Each structure stands twice: as structure tokens, then as C-alpha cells.
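K.L.:
Listed here are the chains, written in short residue letters.
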Amino acid sequence: MFTKRRIIQFIAIAVLFLAAMGWIYHQLSVSFREYADERNFNEISLFARTYDEGFSQDELSAWTGSVRNMIPGARSAYLAYSEETFDFEPAAGSEAVITMFQDSRELPEFISALDSCYYLEPMKLEADYSVDYSLDPDDAASSSEASQIYFLPTADESGAYVLGAIIITVPGVAATGYESLMRTLFIGASAIFLIIAFILLFTRDPMTGFLVLALFVIVGLFVAFPIFEAIRLSFIKEGHFSFAIWKSCLSPTYLVALWGSLKLGVLTASFSTVIGFLFAFLIERTSFRQKKLMTTLATMPVISPPFSLSLSIILLFGNNGLISKQILHLNASIYGLGGLVLVETIGMFPIAFMTLSGVLKQIDSTVEDAALDLSATRWQAFRTVTLPLALPGVLSAWLLVFTNSLADFANPLLLSGDYRVLSTEAYMLVTGRNDLGSGSALSFLLLLPTLTAFLVQRFWVSRKSYVTVTGKPSTTLTDLTNKPVRLALASVCWAIMAFILVLYVTILAGCFVRNWGIDYSFTLDNWGEALARGWTSIRDTVTLAAIATPIAGVLAMVAAMLIVRKKFPGKRLLEILIMTPYAIPGTLIGISYILAFNKPPILLVGTGAIIVINYVIRELPVGVENGIAALHQIDPAIEEAASDLGADVNTVFRTIVMPLVRPAFITSMSYTFVRSMTAVSAIIFLISARWNHLTVLIFNFSENLRFGLASVLSTVLIAIVLVVFFLMNLIVRDGKLTEKTISSR
Amino acid sequence: MEKKSVSVTLEHVTKRFRNVKGKADVIAVNDSHFTIEPGELITLLGPSGCGKTTTLRMIAGFELPTEGRILIGDNDVTMLPPNKRDTATMFQSYGLFPHMTVFDNVAYGLKLRKVAKEEIAERVNGMLSLLGLADLGDRAPSKLSGGQQQRVALARSLIVAPSVLLLDEPLSNLDALLREQMRVEIKKIQRQLGITAVYVTHDRTEAMSLSDRVIVMKNGFIRQIGTPSEIYEAPNSRFVAGFVGKAAFFNVDVKGNDNGHYQCALGPKVVDVKHAAAGVNVDDKAVIMARPESLRLRDKGEGNIDGRVKLNVYLGAAVESFIDTPFGEVLVEIDDPQTKRIYPEGSEVSIDFAPDRVRLLASNEE
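In order, the protein sequence lines correspond to chains V and Y.
Here the first sequence stands for residues 1 to 745, where the numbers follow our numbering.
Here the second sequence stands for residues 746 to 1111, where the numbers follow our numbering.
Hints may contain errors.
As the list claims (entries may be wrong) - Quick partial rundown of chain V residues pointing at chain Y, CB under 7 Å, derived from the structure:
1. D52
2. R204
3. D205
4. A532
5. A641
6. D644
7. L645
8. G646
9. L660
Note that these hints are calculated values from the structure, not bench results.
On a predicted model such as this, the values are computed, not experimentally measured, just so you know.
Each residue gets a CB set at the ideal place from its N, CA and C atoms; glycine is no exception.
So here's chain V without its partners, still in its complex pose (with noise of 0.2 Å):
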């Protein structure tokens, strides 16, 4: 592969293809260069036209002042000519031109400027001279820079005699930052096609070359530069190295959300667990009938919109809620801790139901009927042997919930009252200060937490599973309870499924009453006004979502394939980053966006690029997961076979693996779909003017107490997600030949 010949094609191609970049660079640079300079010089030249004789003191000192909203850093100073000494002294400006000018006045350069102004000839130094602007800081300069010098002499009214002469100093730094961009793209471009060449040159299978470059590019652009620019700008302070904002907010104010956010994770998490593993016991291990409905009710808020739970515990027990006022007259306020966990724990149950339902389902029977048989009581048998068996799955119930909680934005928000978390704290500081540093830093604070829980359950928990698939399905099942025990545990499930059911009928309700809390009459005016102000939210949101859909969809099965099917170099590291939008709270990727492409070279805030990218991003993940899962499913020799007969690795792909994975591949594009119609978190901070969100309108409803227009656009939002839930399904169901053949070695 690596021959003599192509090595040296390589370097060939290589060298002459950087001499032609580097050469189109320079010339730009220096045309630029020309450009600015020329442009600099106009500009200070009708800068200098507007001196007045006439000028006081003070009226000079602004006047020199105003220089630097020409040209940002620019300082000036106005040298006054004295007839007597027949030389230039200083006579108002800026102090770091001063020093300047009277550290190097003797300089030949300085001295033939000098010569020259008093023929009233404008002159630029050759050189670049350093100038400490510390003496006199402003935003664009601040330190010892090296500069630009202009000196342009005034004239009396006759235009014959000097009168004095203007020093115009310019810091490099104005100037460099379009040069610094074209920089970036071109060293940008040259990789990206010596990479090509590289691949066309030493690679078999260019296909999937270019396949794991794109993926490649996309992570790093859309994962890794935005994460690289939110750490990076933690630690700048006006623009310097500083640990300032990471001490501000390492602060008790801070810390406190930072405890608050532990305490709200690790109360939601155990509850979750609890409930969640009394359902998935219920429905994996007893006789119990109803199992296919309480399966379907228990996901069900897993779905739903991010805020309508809180919007109908606000209804039902906020200030002027339904139960706590109207039935109970209580003065208790459910803000705070207490609600908090209630909504999440009825949020996030489902997902420690569904991953302890996965680990229940696997134990063999057999080994309870081997305890049974040893004489050992039902609830003895469960205690040494399901319960153990099934704890490292409990554990990793624990951490999923965990992270979800700490990572969870839509509640805290509008019901945490004065209870504090980080995830609200760091949008605070963001949207409310604009302080997108701190914000960041913040985030990494959340971080922190976030990724230990992840990274313990992802390596360790799921490493000490027992569970095994012994491919030798247990067909009977024993039943470990008795039938007062099963009919404890299913009134217990039965009445928080009740409970569930209630918080959504109050939402329905909240539809049709005039003014929650006050007028209970019946009245249909708030779907028109909610659907005449949310029209547009619901057309952008179904857009942009629809759009991101078969994106992520698709992008997920390709790498899916690439990881599981080829080697590349770099495979690890691909991985890592397109898991990483998973493990990392969204206001931390939002506020990595904002800072990452609100700036050339890519310019994305405010359009709906960003949003739809946003999704695909966040949504890859689950997507990317499914597809390996899927795809180890899968025979290898199904793929080898197809090559073999003459299909590229694009023909593989679109008449074998595709097909094969269609399932996965459909169900993952409903989560997307649906996780992009509810996501909120990063959202939040992308939306724009041309560009809102459904969840975000449903908050601002919320926070305003229009809960009548809340709960319209939550009954919309629900609503869809069902169909797109129902409609995928039916899609899902359509497979011809593949029930269950895909054999596996």
C-alpha cells in the first residue's frame, strides 16, 4: 500500500498543492494588507481635516480621544509646532503615544517625519513601533503592542504654515483579525484535501475514507470546536488568561446551586429507582394481566413535553392551584425542592423502569426455582438471589436518573422558586447578564458530576452485570409472589399511574378553562389565541425537526456501520465524540454554540442551520447506539457476501445494511424526531427572531401565567409526538421477509 511511487506521487501532490495555496495566501494578504493601509491612511487623513485651531485644552484631549471610533485601538496625540524652538512638543493625547514619541524622538525615522510634517507632508513610519497601551487601555488594546505610526501635520488657514502635527497610532491587532481568519481557512482547506489525496492514494476503499472524514469533520466542527471554545473562553477575562470567572464562580453563591442540583439528582434517582423497579418487578416477574397497558402508560412521560408535567403540578398545587387552594386551602408552596422532585421523579421513573425492565426480563427463572427448590421461602429467594442479581442493573438505573436530573432544565426552571440548581443558574447568567463565560464555566460544573455518574455506569456498573443471554429462553416463569403481595404491588403502580393519568387530563382541562385559579368557565378562546400566536413556533418547530430526522437518521447508520464494520485509524476518538452530546447537560452544548458560531468562520446564531444541527448533533448518540446495536445483529458475511458479488460500500449500504436495520433505523428517527420536538435545554439559547421554538413559546406562557395558552400548545405538542409515534410504528411493522431471520454466528 505505502509503495515508493505513491509516497512520492504524495509528497508531490502535497508540496505543490501547499506552494499554490501558500502563494494565492501571500498575494492576498498582501493585497490586503495594501488595502487597510490605504484605507487607514484616508481615514486618519479626514480624521486630521477635522482639527480647529480654535480647540481648547479640553476640547483637544476629546478630540484626540475620538480616534479610536474610526479605527478601533487607535490612539493619537497633537503635537503643537513652537515657533521659538523651532521644534514639536506634546500638547494633549494619549499617554502611551506620548511615551512613545518621546522615547524614540531621536530615532532617524522620527526625526524625518518630523522634517516632513513641517512641509506639511503626511508621513507613515516603515516600521512597526511597539507601544504600550497600558498606560492608557481601552477594549481593542491593552498591553504592549507593536503598531502602526502615522503623522500628519495641521495647517493654518492659509494653508502655508504648520500649526502642529497629529501622531496616529494603530495596534496590529485591528488588523489581523481578517488575516487571522483567512489563515484558518486556508490551513483548513489544505488539510481537508490532503486528507483526500491521501485517501485516494493509500486507501483500497476511498468510500469509506471520505466517510470517516465527513464524520470526522462534522464531530470535530460540531462537537469538539464548541466544547474547545467554551473551555477556552472560561479562562479569559477581557481578553486575557484569567481565572477570574472560574473563581466567581467557584464562589458559595454558586456552590450552593451546585448542592442544590446533587441533592435534587440524588432524591430524584432513589424515588425513580424505587417506583421504577416496583413496575418493572410487576410487569417482568409477576403474573400480573394488564402488563402491555401499564408498559405503554409507564413511557408515556418520557415522551411528553419537558414542561407540561410542571405546568400541571402548577396547576393542581401551585399558588393558585386547583387542589392546594380551591379544595384544601393550603398555603404551602409546592416551588422548590419538593415539587422538583416529584415532577422529575415522575418525568424520569420510566427510564429506570425500562432499563430495569431489560435487566428483570433476563434472569433465567431457573435460578430461583434452583433457591425455591433449596427450600428457600419466596421472599428468602428473592432477597438472595433476584434482588443481587438485578442490583448492578439498579445501580445503573440510578446513575441514568441521576444524570438526567442534574442534567434537566426545563423543570427547575419554572418550578424551582427559590430552590437554586446549575443548569437554571448558568442560563441566568447568560440570558440575564449576558456573561456567556461564566455561563460556560458553569456548565463544566455541572459537568463534572454529570460525567463521573456516566462514565461509572457506562465502564464499571455495566461491566459487573451477572446478566448473560444463555439463548435458551426460559419458557415458564416463576411467580414470585403471593396474591395479596401482587395485589399490593399492583394497587401501588396502579395508583401512581393514576396520578399520572390525572396531570395530563389537567392539562386537557387547562385548555378549556377562562383563567386557571380564578374562572373555571368553560371557553374554547384560548386555542384561537394560542394557535393565532403559536402558529408560526409549531411551523418552524415540526420544520426544523422534520428536517434534523432523517439527517441524524441517516449520518447515525453510517457511522454505526463505519465503527462496527471497518477499521480506520482514530476509530476510539470517533466514538468518543459522537457519544459525547450524550453525556453532557444541553445548556452546556447550547452555550457552546453560541460562543462557538456567533463569529466567522462560521457564522450560525440566529438561523435555523444552527437548530437543525443542534438536534442531529444531541440526537446522534442514541441513534449511533441503536445502530451498533443493530448491526452486531447482523451476519458479517450478509455484507462480505455483497461485496463479493461487486456492491461498493455505498451499494452495501443502501441494499443490505440499510434494509436490515430498517427497524432500528426507524425507531431511532422517532426519537429523534420526538426529541427534537420536546428538547428545550440547548434550544433555549439558539432560538432566534426568525426562528422560535413550540417548548420555549409553552415556557413563556408559563412564566407570564397564561397557562390556558401553556396548555393548548402542550395538547398540540403531545398530540403530534403521538401520531409521529403511531404513524412510525405502522412503518415498522411493514417487514416482508425479515421476522426474526437475521442470523448471527
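Here the structure of chain V is known, so what remains is to put chain Y in place on it, guided by the hints.
P.N.:
The following block gives chain Y in isolation, referenced to the frame of chain V:
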């Protein structure tokens, strides 16, 4: 379908699998160097992990050799991906496309080659009836029996008229009877079409009955290349002898060489052996390899090695006698037992052999 048969050449091919976690690399194939003649069916035979499947996958293009070149005909295909090579592989697990019907499975390669629809139908139906699958065209592969699936896989490989047919243990998932039928079937079709074929198996009967030549491999090394009778009757090592058939081994000291007859000290006796493999030297240790059917039983003291009958196994066409000797347990096969004397279990016997029916092998190997 008319195509010229081509040869396949491996030039010093080595395949190393890089081990990720800092362990030593695994050498799957070590300096393989051989040529498969046009139209020949060659078998790669060896225990699992010997590199035979890796060799096959390198010829197909699924693996890249670390060193060396692979040529099909005169073309260097080392760097070509599988889809650019004129090879067709039959996989151990068949690799049928589960989402397509039998017809679509077989037609897949032709569709990729942009053959006209009518011609595809004609050729696929022709191929299906050739393999006795005529009525099964619209079935799903999962609805077929193992033997039928196997034939669909064969049809799918053959329909694109490849120059080289690669078979990766294609019969290992079939029951014994079906396996014998398919073996004959594959050989017939291969002969009929004149395709160069490489067949990978760990089953010596399969290798013997199918191949023009057999390549015996172990731990990535080629141990012997030869016709089935060569590797059975004249193995060059103890491993090959043991792997391709039943054999007894006796350690001896080579005392002298007299016109190609070796005098060997076998315990207290000196025996005469006519054939020897390379590496056998006078005044050195060596091993006598004897096939069960080349050994004879005589009364005690009359043969070369004394022993006692431990167990007789009646097989119909033959009786296998297991004899306890000072050299360990030795198997003697007595053909046509009706006409021969069978020593009862427990009786003292002596094992005898003719000088030209055994073979002397170098002993410096397991």
C-alpha cells in the same frame, strides 16, 4: 458463462493482526507462497486458528496482507477491494440476504452488473433449476432447509461466473448425509465450469475427497502441499501425518542407511524402513509413522512390537484393534474381518509391518 480458467498466486503473503492492548501481534499467515493452477480445486486444511480462513479472506479481498502480493491470473489484486475482484465466496454461514427472496438473492450480482431484466430472469431460473431449487424462487431464505440455503448460496456465487470460487467451510452446518451429497455436487459443478476453486475445511475426509491438491496449514505456516494421496501416504511431518489420517508413531534410533533402506532400532529390535521424509539422518532419533491399515497382527514374538489386545471395535467393513504396547496404544485396522484372524481382547500379540508400508519422519517436531 464461457470464461478462461485463471491461476491464483500468493507471493510471500504474511498477515499480522495487530493486537490493541499492547500484547504481541498475532501472525495469522506466515509467508505463504504457492500457486493454484487454472481450474484446480485446492483445499486449505488445518485445525482452527491455523490461518486457512484468513488466507481465503485475503484472496477474496476482505483482509489486506501485511506483506506480499496476491495475483489472480497475471493481475496484482493485492490492493483491490472485494467488489473489484473476480472472485465469489461461499460463506460458512451462507450470508444469504434475509430481506430478499431466493430469486433476488441469486439475482443480486447480476443486477449490480446491470444485466437486462429478461436475461436476469432467464439466467437465475436456469441456475436455480441446475441446483434443484426451481420452485423456491419466491421463498424467503429463512424458510428453506440448511441444504437448500447452501445451494442458494452456491447459486448466488456461481451466477456471476467468477474466475475464482472461494468456499469457506460451506458444508460444516449440514448433516452428514447432506454433506456427502453436496460435496459431490460442488465438485461436479466446479469441474463442469472449469472454475479455479479454493476450499477451506478442517475436515480431512472433505479435503481428501474433493481436492486436486491439499495445503496443510498449522499456526500460520504451510506444512505441506500435495495431492491427497501424497499427503496421506507421504507426509513430511508428524503433524501432517496425524492430521490427515489415523497414524501410530514409534520413536526409533536410525542406525544406518543402506541403498535407501534405513535400519532403525525399535526397542530391542532393528527394523528396516524404506521411505523417509526429509530431515531424517543416520545416527539420530526419528519416528516411524504407520497407518492402521498398514499394520498386521501376528502371534506373540513374530512381529516387530509385542503387545496385548485391549479392545476390538467392529465396524462392519473392518475391525479396529487397540493394542497396548511399550510405545503406547496402537491402532491396527483389520480389513475384511471375515477372512482374517481376529485376536480376542486380552490375548498377547505382536504388531508387524512391511518396510515399504511405513514411513520414517524427523523427530524434532512435537
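K.L.:
State for each hint whether it applies.
P.N.:
Checked hints:
Interface restraint check: D52(V) against chain Y, minimum CB-CB distance 77 Å, threshold 7 Å, status violated. Annotation: interface hint on R204(V) holds; nearest CB of chain Y at approximately 5 Å, less than 7 Å. The interface hint given for D205(V) holds, since its Cβ lies 5 Å from the closest Cβ of chain Y, which is under the 7 Å cut-off. For the restraint placing A532(V) at the interface with chain Y, the shortest Cβ-Cβ distance is roughly 48 Å, beyond the 7 Å limit, so the hint is violated.
For A641(V), the suggested interface contact is upheld, since its CB lies about 4 Å from the closest CB of chain Y, less than 7 Å. Residue-level restraint check for D644(V) holds (minimum Cβ-Cβ distance to chain Y is 5 Å; threshold 7 Å). With 7 Å as the threshold, the beta carbon of L645(V) comes within range of chain Y, its nearest partner Cβ sitting at about 4 Å, so the hint holds. With 7 Å as the threshold, the beta carbon of G646(V) comes within range of chain Y, its nearest partner Cβ sitting at about 4 Å, so the hint holds.
Interface restraint check for L660(V): the shortest CB-CB distance to chain Y comes to about 6 Å, inside 7 Å, so the restraint holds.
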